[in-house]
Amino acid sequence: MQFFLNITLGGIANGMIVAAVALGLVLIFRATNIVNFAQGAMAMITTYVAYAILHQGVDYWVALICALAVGLLFGSVVQFVLIRPIQNKSPLNAIILTFGFLIFLEGVAGAIWGSTTRTYPAPFSEFGQKLGTTQIAFSPFDVYILVSVLALMGIMLVLFRATNLGLRMRAVAFAPEAARLLGVRVQPLLTLGWALAAAAGVLAALLVVPTSSLTPNFMDVILIYGFTAAVVGGLDSPVGALVGGLITGLSLAWVGGYLGGSLEPMAALALVIVSLMIRPEGLFARPAARRV
Amino acid sequence: MNAVKRPVQALAAKSWFRWPRQPMLRHGLFALLAGVGFYFLTNWLSAFNDYEVGQIAFYAIALAGVTLLTGITGQISLGNGGFMAVGAFTLALLYTHTTWNLVPELAVVIVVSALAGAVIGFPATRLRGPYLAGMTLTVAVGLPYLTNQYESIFGGDQGLPTPPPTGPSNVNPEQWLAWIQLLCALIVLVLLGNLLRSRFGRSFRAVRDDEIAASLAGINVSRTKVIAFMVSAACAGLAGGLLALSAGVTNSAEFPLALSIYLLAGVVLGGTGSLMGVWWGAIVVVYLPSEWAMDLASDFHANSLVSANLAIIIFGLVLVVMMLVAPSGIQGGIRWVVRRLAAYFSSDPVTNMSLPLQELNGPGIGKPTENGGGPVAAAEKQGV
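Here the protein sequences line up with chains P and A, keeping their order. Heads up: take any position in the first sequence, counting from 1, add 95, and you land on the working numbering. Heads up: take any position in the second sequence, counting from 1, add 566, and you land on the working numbering.
Since the hints were derived computationally from the structure, they do not count as laboratory data. Where hints are given, some of them may not hold.
[Unchecked claim] Stretch-level coverage of chain P by chain A, calculated; a stretch enters the list once three of its residues show a Cβ under 8 Å from a Cβ in chain A:
1) 124-130
2) 171-184
3) 194-206
4) 322-332
5) 355-361
6) 367-373
Using N, Cα and C, we set each Cβ at its ideal position, and we do this for glycine too.
Please build the complete structure, drawing on both the sequences and the hints.
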């Protein structure tokens with residue numbers, strides 16, 4: 096029972112991280128119909144930058160803010176340089192391009208920093224709490240994960256629901272042509288969407304990296320899980336990203352805890368397949384007919 | 567379609583030589599010539615070069631599988647590296663547990679990989695674009711983990727032995743292996759060439775171009791996609807088995823995510839819709855990581871980290887740049903040149919029109935958008 100409780104708590108913490116990755120994918124998908132397979136790799140590069148900043152002797156929080164800023168900048172540059180030219184072409188082009196960019200970034204990281212593993216510090220203790228006499232595997236760091244991802248979600252919610260800018264972004268995502276006709280400048284908003292998505296990815300990476308380790312491909316599997324979560328929740332629903340993240344995190348934690356950790360990626364595949372068979376558009380997607 | 571002549575025929579019409587009109591005969595004759603050419607090539611080359619020619623052969627098979635699925639049926643697959651792993655491990659298990667010879671082993675490899683393709687293909691029939699890409703990416707990333715989970719079966723990090731077959735004593739082993747791999751490649755390409763000229767081939771293209779139109783024309787879209795997945799996975803599995811023979815051992819480290827990217831880059835480079843393009847792609851996939859990237863790195867006195875990663879950097883760049891600049895690949899460029907030559911020597915006003923690259927290649931990866939395309943593409947779509 097205690098084992099079950101512990102892996103469940105771990106699953107919730109991981110699920111929140113996965114939800115942040117999924118949120119990044121969803122933000123981009125609902126605005127541009129592109130799944131950004133390079134998102135994990137972009138966050139990985141930014142994490143290396145944060146690592147370098149951290150080793151200048153600055154505080155964890157300063158490095159975190161720098162990393163988020165770098166993420167915002169990186170996301171907008173990528174949208175501006177790589178995505179704009181192919182936006183109206185076949186979706187296959189965009190998939191191949193982001194996939195190519197993923198491996199390009201991993202190669203660059205490998206060429207600069209090598210494949211040696213580095214450790215990235217956590218701001219809080221990663222060791223579980225004592226609750227009475229029993230050890231509970233829920234550390235202060237897990238609380239930090241929970242709080243920061245919920246804060247990210249909250250900021251996004253306020254941005255999209257309560258500000259004029261958010262309203263315009265939703266209009267662009269919903270009907271770009273109509274939004275353009277109503278005087279919304281579409282391209283800058285798409286760039287902003289990519290920037291926010293990249294920042295969400297960076298936050299996820301910085302939450303993962305203390306418990307895994309910093310290598311050029313440490314985000315590969317996390318990206319897969321994020322994609323799984325986004326598919327489960329619906330690729331165009333931010334709420335779906337959160338719920339999908341939790342579902343994915345918990346299922347993987349249970350599979351990993353009871354059957355073996357190496358089965359987790361295949362469990363993600365199974366989850367994607369089952370979810371697509373039962374509810375292809377995801378749990379929270381807006382009902383959409385495919386245009387003929 | 568009739569208005570634009572095929573370039574080979576347009577050239578041949580001027581000369582004494584005419585390729586047979588029957589696809590089977592034409593492809594068979596072509597393969598026979600290629601086979602004779604390869605025989606002399608392998609005799610002339612050193613043992614190590616023979617080994618590389620064999621590698622080109624099995625990568626050509628794998629690339630043909632990706633071409634069929636992605637370029638011709640329009641179903642993006644980032645997971646064919648995973649299917650190669652399925653083929654390789656099937657061969658390794660057969661070698662460990664049976665005493666069969668290579669031919670039935672490879673037959674089983676093909677069947678098992680085709681079944682794996684069907685398992686992935688069935689859910690995939692309900693998916694489009696990014697969903698499909700993500701699912702196949704999960705296959706590529708996740709499958710190697712399975713071999714770590716069941717170490718007692720798959721041998722863990724050590725892997726399982728898959729020694730190359732021993733040939734006649736007067737042929738050196740590398741050459742014998744290269745012959746086997748080349749023979750497989752030629753057979754596979756002839757069969758695929760015929761498949762693409764058959765009803766199935768037309769269904770594949772119809773599904774790629776417009777699923778709804780295809781289903782209105784009586785094509786069972788789901789079945790067509792599953793068949794494409796199975797054929798593609800069978801090609802990948804056979805290629806994986808032949809890769810295992812070249813490597814001598816089979817372990818999950820030989821099937822990293824980078825392999826799937828090599829395959830995609832090879833197909834994009836060769837030209838997404840073209841079977842002949844797979845040879846260009848295969849040459850790049852074999853030589854770029856092992857030689858060209860190393861040479862380039864040493865030319866620039868780069869350190870070992872850079873030279874170890876240069877290949878995947880270049881492949882990534884290739885994918886990005888090709889998508890931005892030239893989505894029809896090397897073979898697309900060659901076809902364009904041949905067509906322009908044919909048009910130059912011909913007085914046919916239709917072939918003489920200056921046509922943009924993409925329209926000549928048909929709607930492939932670089933498929934023009936709905937409202938783009940121009941008159942000839944539109945005429946092709948209407949079957950004029």
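Evaluated hints:
| no. | hint | in the structure |
| --- | --- | --- |
| 1 | 124-130 | holds (count 4) |
| 2 | 171-184 | holds (count 5) |
| 3 | 194-206 | holds (count 12) |
| 4 | 322-332 | holds (count 4) |
| 5 | 355-361 | holds (count 6) |
| 6 | 367-373 | holds (count 4) |
Of the numbered hints listed earlier, not one is contradicted by the structure.
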